[in-house]
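> Fit chain E to the supplied structure of chain X, relying on the hints for placement.
Here's the letter readout for the chains.
Protein chains: 2
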Amino acid sequence: MKTYLECIPCFVRHSLDVGRITGADEKTQEILMREVLINLSKIDMSKPPPYTAKHIHFLIRKITGNPDPYKEIKIRHNKLALKIYPKLKSMVKKASDPLNSAMRLAMAGNVIDLGVKNNITEEEIEKSITKGLSQPFIGDFQLFKKEIENSKNILYLADNAGEIVFDKIFIEEIGPEKITLAVRGGPIINDATIYDAKFCNLDTIVSVIDNGSDAPGTILEYCKKEFLDIFWNSDLVIAKGQGNFESLSNVEHNIFFLFKAKCNVIANHANVEVGSYVLTRPIKKNK
Amino acid sequence: MKTYLECIPCFVRHSLDVGRITGADEKTQEILMREVLINLSKIDMSKPPPYTAKHIHFLIRKITGNPDPYKEIKIRHNKLALKIYPKLKSMVKKASDPLNSAMRLAMAGNVIDLGVKNNITEEEIEKSITKGLSQPFIGDFQLFKKEIENSKNILYLADNAGEIVFDKIFIEEIGPEKITLAVRGGPIINDATIYDAKFCNLDTIVSVIDNGSDAPGTILEYCKKEFLDIFWNSDLVIAKGQGNFESLSNVEHNIFFLFKAKCNVIANHANVEVGSYVLTRPIKKNK
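From first to last, the protein sequence lines are chains X and E.
Residue numbering for the first sequence follows the numbering used here, beginning at 268 and increasing consecutively.
Residue numbering for the second sequence follows the numbering used here, beginning at 268 and increasing consecutively.
Just chain X, same shape as in the assembly (with noise of 0.2 Å):
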């Protein structure tokens, strides 16, 4: 998918959060905004958007001088998705259709996305997955099941810390020995990573890689060789999150896309409302 210009504004206010975040000074602030105002005002808008995250990040850390701004905010959100782990892994367990359950809960685990404030709670984890779990979705699940009973690979595109445990407990149902779980190359706003991965314990049930990139997607031209082996080589790959909708919504392979569409930009890049709980494929014509 393309930049639109809607995401202009959006990259201007995330950096603002995220220069907040980081606990520097306002000069330091200051000189970050006029430094991502500079990158922006060059964008590549044939790019994706997670193109430009990655490089107004690096400014981020550069200016800053903090590696990963969402250090905290991670921990605590695996933290708080370990702790309801158990009560969710029995809910899917009770289900009539535990892989759909669990499918809808890898779904509306994405809504962590939104809760990069520090104080979320577990309270509101909760209500969260509740309402997600209670909320239909849309996409074709039949089709989606009968492609994971027929994929032998299947890569796993991680999203957000936190998130992945739900995502574990989709992927014990899919099935974790034909699984391949990839994960960002490096810290980027709360996406999981390798230290994420293992910190949930999803290492101890898939192969677990980093596909060698800091966009908060999956942007193939800038992911290793390795990663890159894996996907193409891939029956079916899972993709989690707006980030990697954006990424790949274009790219021809076989592909399901699990997210909330939380703006408008994607919702229309979707064809849904803004809200929607989404299980789409790859969009042929280059929006």
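Bear in mind the hints are in silico, worked out from the structure with no lab data behind them.
These numbers come from a predicted model, not from an experiment.
Mixed in with the good hints there might be a few duds.
Straight-line Cα separation of at most 30 Å, DSSO-like style, residue types lysine-lysine; simulated pairs [as the list claims (entries may be wrong)]:
#1 E:Lys492 with E:Lys309
#2 E:Lys412 with E:Lys465
#3 X:Lys551 with E:Lys294
#4 E:Lys398 with X:Lys269
#5 X:Lys398 with X:Lys360
#6 X:Lys309 with E:Lys329
#7 E:Lys338 with X:Lys321
#8 X:Lys551 with X:Lys346
#9 X:Lys361 with X:Lys294
#10 E:Lys329 with X:Lys314
#11 X:Lys329 with E:Lys309
#12 X:Lys361 with X:Lys398
#13 E:Lys321 with X:Lys294
#14 E:Lys294 with X:Lys314
#15 X:Lys329 with X:Lys269
#16 E:Lys413 with X:Lys321
#17 X:Lys350 with X:Lys269
#18 E:Lys529 with E:Lys398
#19 X:Lys314 with E:Lys309
#20 E:Lys309 with X:Lys269
#21 X:Lys294 with E:Lys551
#22 X:Lys309 with E:Lys412
#23 X:Lys419 with X:Lys394
#24 X:Lys329 with E:Lys269
#25 E:Lys269 with X:Lys294
#26 E:Lys338 with E:Lys321
Okay, the calculated bits of chain X under chain E, using three or more residues with CB under 8 Å as the criterion [unchecked claim]:
#27 271–279
#28 283–296
#29 300–306
Ideal Cβ positions, reconstructed from N, Cα and C, are used throughout, including at glycine.
Just chain E now, kept in the frame of chain X:
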């Protein structure tokens, strides 16, 4: 008031919104956004936001070729306000304290700033006004009343088109003979100009002057001498709206600001909650 870092994303969002309103094609809007970003990367944070907004709107006019993007919206707001004028006028006449009631009406009229969406209806405006009238405001009305009574020359700084119809009712209660009404020197957002003052018949009851500047506020360094003479020779200045508060909040003069605090930055600067209706005076220290 200086510009805060929080204002930067707001400028970017606003530029996109105005670009859309001009009806310029996507390519032109992209050029505009890039120019705005370059301009903002050099922003003078020591100046109030309307100073920067003036320069951004110069770019908008230059790049889109549209000299007055809000022209139709302003006419529509003027007409809507004129339509409900008789009802509001009779409401004030019947009030136990007509001056207080008229002032609250003028404050409530400041919501029209939010109504830059083209499809605001008469009902919506009426609803906002009624709500505004019933909401408590922060400020010393008795002191304000005393200053009004003691003043021989009052300068009334208008804010938006449409809103000036509500100002008219307040001006009629104060006594138009001692008032000069100042409007912006050129089209900027939905701010009132001479055209709007005449459209709403303000010129039939008071002397109307433009301030010589097309900033969405009152940036004294850009205002014309004729206006500045009236400004400094006035016993009292009544300044409507956020833009005038932003530009004059640190000016040492007998000013009363009347506005609705619509964003965090302004609310913090005025030391009130967002959404408050405020009657306040200049802030001594240069915050």
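> Are the hints correct? Go through all of them and say.
Structure-based check of all given hints:
no., hint, in the structure
1, E:Lys492 with E:Lys309, "holds (29 Å)"
2, E:Lys412 with E:Lys465, "holds (27 Å)"
3, X:Lys551 with E:Lys294, "holds (24 Å)"
4, E:Lys398 with X:Lys269, "violated (43 Å)"
5, X:Lys398 with X:Lys360, "holds (19 Å)"
6, X:Lys309 with E:Lys329, "holds (20 Å)"
7, E:Lys338 with X:Lys321, "violated (40 Å)"
8, X:Lys551 with X:Lys346, "violated (39 Å)"
9, X:Lys361 with X:Lys294, "violated (55 Å)"
10, E:Lys329 with X:Lys314, "holds (28 Å)"
11, X:Lys329 with E:Lys309, "holds (20 Å)"
12, X:Lys361 with X:Lys398, "holds (18 Å)"
13, E:Lys321 with X:Lys294, "holds (24 Å)"
14, E:Lys294 with X:Lys314, "holds (16 Å)"
15, X:Lys329 with X:Lys269, "holds (26 Å)"
16, E:Lys413 with X:Lys321, "violated (59 Å)"
17, X:Lys350 with X:Lys269, "violated (38 Å)"
18, E:Lys529 with E:Lys398, "holds (15 Å)"
19, X:Lys314 with E:Lys309, "holds (26 Å)"
20, E:Lys309 with X:Lys269, "holds (28 Å)"
21, X:Lys294 with E:Lys551, "holds (24 Å)"
22, X:Lys309 with E:Lys412, "violated (54 Å)"
23, X:Lys419 with X:Lys394, "violated (35 Å)"
24, X:Lys329 with E:Lys269, "holds (27 Å)"
25, E:Lys269 with X:Lys294, "holds (14 Å)"
26, E:Lys338 with E:Lys321, "holds (17 Å)"
27, 271–279, "holds (count 5)"
28, 283–296, "holds (count 4)"
29, 300–306, "holds (count 5)"
Consistency note: the structure conflicts with the earlier hints numbered 4, 7, 8, 9, 16, 17, 22 and 23.
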